[in-house]
Amino acid sequence: MEITDVPYAVLRFQYQLARFPLQLFGEQVVAGMSSEAPTRLFYERWLGGLDASVGKMLGDPDLEKRGAALLERSDALRRAAQLDATATQNQAQADDDLKAKRDKAIEDQNDARAVTEREVEEARRAADERKGAAEQAAQQRTAAAKQQADELAAQLKKSAEAAKREEQATITAAEQKATAAAESKLDDAQAKRSDAAGKRAQADQVEELANLEKQKRQSERASDA
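Positions 4 to 228 (my numbering) are the ones given, in order, by the sequence shown.
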């Protein structure tokens with residue numbers, strides 16, 4: 004060791020002493036929090052930045068590398084938490100949209116059914132009125148009027164049923180379109196969840212490497228001692 008290295012060695016030792024309470028706090032308090040808790044991410048990012056800056060300033064590559072790894076892990080977990088929150092929000096929105104569109108389709112279907120039934124009832128009532136008027140006349144005119152009324156009622160019913168089928172087809176198409184759009188949003192939310200899980204796995208690998216590096220240094224220090 005050169006003489007010029009002595010001050011840096013002293014400063015590194017002093018930093019390790021000053022850092023010990025922070026390390027103790029992290030092991031006893033922060034470690035008990037969720038890996039994606041905002042308080043833990045803030046603490047780890049701050050401590051990682053501090054280690055990286057001090058390691059670079061004091062020429063301690065191990066300290067700098069450990070700080071950079073902690074920074075990278077906290078950033079990865081933060082991004083994963085953001086992606087997870089976005090995916091959850093998108094999935095909830097997709098569920099709400101699907102429910103709203105299905106409710107609207109059911110409402111339209113009920114309205115169309117009510118209109119059709121009302122039209123059929125009005126047609127029958129009109130036919131009955133015409134039939135009664137015809138019966139008050141001659142017997143021959145009553146028969147002709149009845150036949151005409153029945154034919155008209157059948158035509159009106161047929162038209163109403165055709166209109167009902169057309170409305171049902173429109174409602175079915177709207178439901179299929181709404182379902183497809185909602186399923187697309189759900190697929191997108193699932194993809195984002197998968198991305199978030201991948202980033203968590205990457206963060207865990209970084210943490211494992213950092214722990215291995217830490218154990219290695221502790222072993223080396225124990226051997227030197």
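There's no promise every hint is true.
Calculated pairs, DSBU-like style, for lysine-lysine (alpha carbon to alpha carbon, straight line, at most 35 angstroms) [as the list claims (entries may be wrong)]:
| id | residue 1 | residue 2 |
| --- | --- | --- |
| 1 | Lys102 | Lys149 |
| 2 | Lys107 | Lys217 |
| 3 | Lys202 | Lys217 |
| 4 | Lys167 | Lys104 |
| 5 | Lys107 | Lys167 |
| 6 | Lys167 | Lys180 |
| 7 | Lys167 | Lys68 |
| 8 | Lys195 | Lys180 |
| 9 | Lys161 | Lys149 |
| 10 | Lys217 | Lys161 |
| 11 | Lys219 | Lys102 |
| 12 | Lys195 | Lys104 |
| 13 | Lys219 | Lys59 |
| 14 | Lys161 | Lys180 |
| 15 | Lys134 | Lys167 |
| 16 | Lys149 | Lys167 |
| 17 | Lys161 | Lys68 |
| 18 | Lys195 | Lys217 |
| 19 | Lys188 | Lys102 |
| 20 | Lys167 | Lys59 |
| 21 | Lys202 | Lys188 |
| 22 | Lys104 | Lys188 |
| 23 | Lys149 | Lys68 |
| 24 | Lys217 | Lys104 |
| 25 | Lys219 | Lys68 |
| 26 | Lys104 | Lys161 |
| 27 | Lys134 | Lys160 |
| 28 | Lys102 | Lys59 |
| 29 | Lys149 | Lys107 |
| 30 | Lys102 | Lys195 |
| 31 | Lys180 | Lys102 |
| 32 | Lys160 | Lys188 |
| 33 | Lys104 | Lys68 |
| 34 | Lys107 | Lys134 |
| 35 | Lys149 | Lys134 |
| 36 | Lys59 | Lys107 |
| 37 | Lys107 | Lys195 |
Hints in this document: simulated from the structure, not taken from any laboratory. Predicted, not measured: the structure shown is a model, and the values here were computed from it.
To see whether the hints hold, each was checked on the structure:
Proximity of Lys102 to Lys149 is assessed by CA-CA distance (about 49 angstroms); at most 35 angstroms being required, the pair is judged violated. For the hint pairing Lys107 with Lys217, the CA-to-CA distance comes to about 60 angstroms; that exceeds 35 angstroms, so the pair is violated. Restraint check for Lys202 and Lys217: the C-alpha separation of about 22 angstroms stays at or below 35 angstroms, so the hint holds. Restraint check for Lys167 and Lys104: satisfied, since their Cα atoms lie roughly 20 angstroms apart, inside the 35 angstroms limit.
Distance restraint check for Lys107 and Lys167: the Cα-Cα separation of roughly 17 angstroms lies within the 35 angstroms cut-off, and the hinted pair is therefore satisfied. Of the supplied pair hints, the one linking Lys167 and Lys180 holds, its CA atoms being roughly 20 angstroms apart against a limit of 35 angstroms. With a CA separation close to 72 angstroms, the supplied pair Lys167 and Lys68 exceeds the 35 angstroms bound. In summary, the hint linking Lys195 to Lys180 is supported, as the alpha carbons are separated by about 23 angstroms, within the 35 angstroms threshold.
Restraint check for Lys161 and Lys149: the C-alpha separation of about 18 angstroms stays at or below 35 angstroms, so the hint holds. As the CA atoms of Lys217 and Lys161 are separated by approximately 83 angstroms, the hinted pair breaks the 35 angstroms bound. A distance of roughly 56 angstroms separates the Cα atoms of Lys219 and Lys102; the hinted pair therefore is violated under the 35 angstroms criterion. Distance restraint check for Lys195 and Lys104: the Cα-Cα separation of roughly 24 angstroms lies within the 35 angstroms cut-off, and the hinted pair is therefore satisfied.
Between Lys219 and Lys59 the CA atoms are separated by roughly 20 angstroms; this keeps the pair inside 35 angstroms, and the hint holds. In summary, the hint linking Lys161 to Lys180 is supported, as the alpha carbons are separated by about 29 angstroms, within the 35 angstroms threshold. Restraint check for Lys134 and Lys167: satisfied, since their Cα atoms lie roughly 27 angstroms apart, inside the 35 angstroms limit. Using a Cα cut-off of 35 angstroms, the hinted pair Lys149 and Lys167 holds, with the two alpha carbons roughly 26 angstroms apart.
Between Lys161 and Lys68 the alpha-carbon distance is near 81 angstroms, which puts this suggested pair outside the 35 angstroms criterion. Using a Cα cut-off of 35 angstroms, the hinted pair Lys195 and Lys217 holds, with the two alpha carbons roughly 33 angstroms apart. Taking the CA atoms of Lys188 and Lys102, the gap is near 13 angstroms; set against the 35 angstroms cutoff, the hint holds. For the suggested pair Lys167 and Lys59, the alpha carbons sit about 77 angstroms apart, so the restraint of at most 35 angstroms is broken.
A C-alpha spacing of about 21 angstroms is found between Lys202 and Lys188, which places the hinted pair at or below 35 angstroms, so the restraint holds. With a C-alpha separation of about 14 angstroms, the suggested pair Lys104 and Lys188 falls inside the 35 angstroms cut-off, and the hint holds. Only pairs whose Cα atoms come within 35 angstroms are accepted, and Lys149 paired with Lys68 is rejected, the gap being roughly 98 angstroms. Of the supplied pair hints, the one linking Lys217 and Lys104 is violated, its CA atoms being roughly 56 angstroms apart against a limit of 35 angstroms.
Taking the CA atoms of Lys219 and Lys68, the gap is near 13 angstroms; set against the 35 angstroms cutoff, the hint holds. A hinted pair counts as satisfied when its Cα atoms are at most 35 angstroms apart, and Lys104 with Lys161 qualifies at roughly 30 angstroms. For the hint pairing Lys134 with Lys160, the CA-to-CA distance comes to about 17 angstroms; that is within 35 angstroms, so the pair holds. Annotation: proposed proximity of Lys102 to Lys59 is violated, straight-line Cα distance about 56 angstroms (limit 35 angstroms).
A C-alpha spacing of about 42 angstroms is found between Lys149 and Lys107, which places the hinted pair above 35 angstroms, so the restraint is violated. This hinted pair checks out: Lys102 and Lys195 have alpha carbons roughly 22 angstroms apart, not beyond 35 angstroms. Pair hint Lys180 plus Lys102 holds up; C-alpha atoms about 13 angstroms apart against a cutoff of 35 angstroms. Among the hinted pairs, Lys160 with Lys188 is inconsistent with the structure: their alpha-carbon atoms are about 42 angstroms apart, more than 35 angstroms.
For the proposed pair Lys104 and Lys68, the alpha carbon gap of about 53 angstroms is over 35 angstroms, so the pair is violated. Proximity of Lys107 to Lys134 is assessed by CA-CA distance (about 40 angstroms); at most 35 angstroms being required, the pair is judged violated. The straight-line distance between the Cα atoms of Lys149 and Lys134 is roughly 5 angstroms, inside the 35 angstroms bound, and the hint therefore holds. The hinted pair formed by Lys59 and Lys107 fails the criterion: a straight-line CA distance of about 63 angstroms is larger than 35 angstroms.
A C-alpha spacing of about 29 angstroms is found between Lys107 and Lys195, which places the hinted pair at or below 35 angstroms, so the restraint holds.
Taken one by one, the earlier hints fail for this structure at numbers 1, 2, 7, 10, 11, 17, 20, 23, 24, 28, 29, 32, 33, 34 and 36, listed in ascending order.
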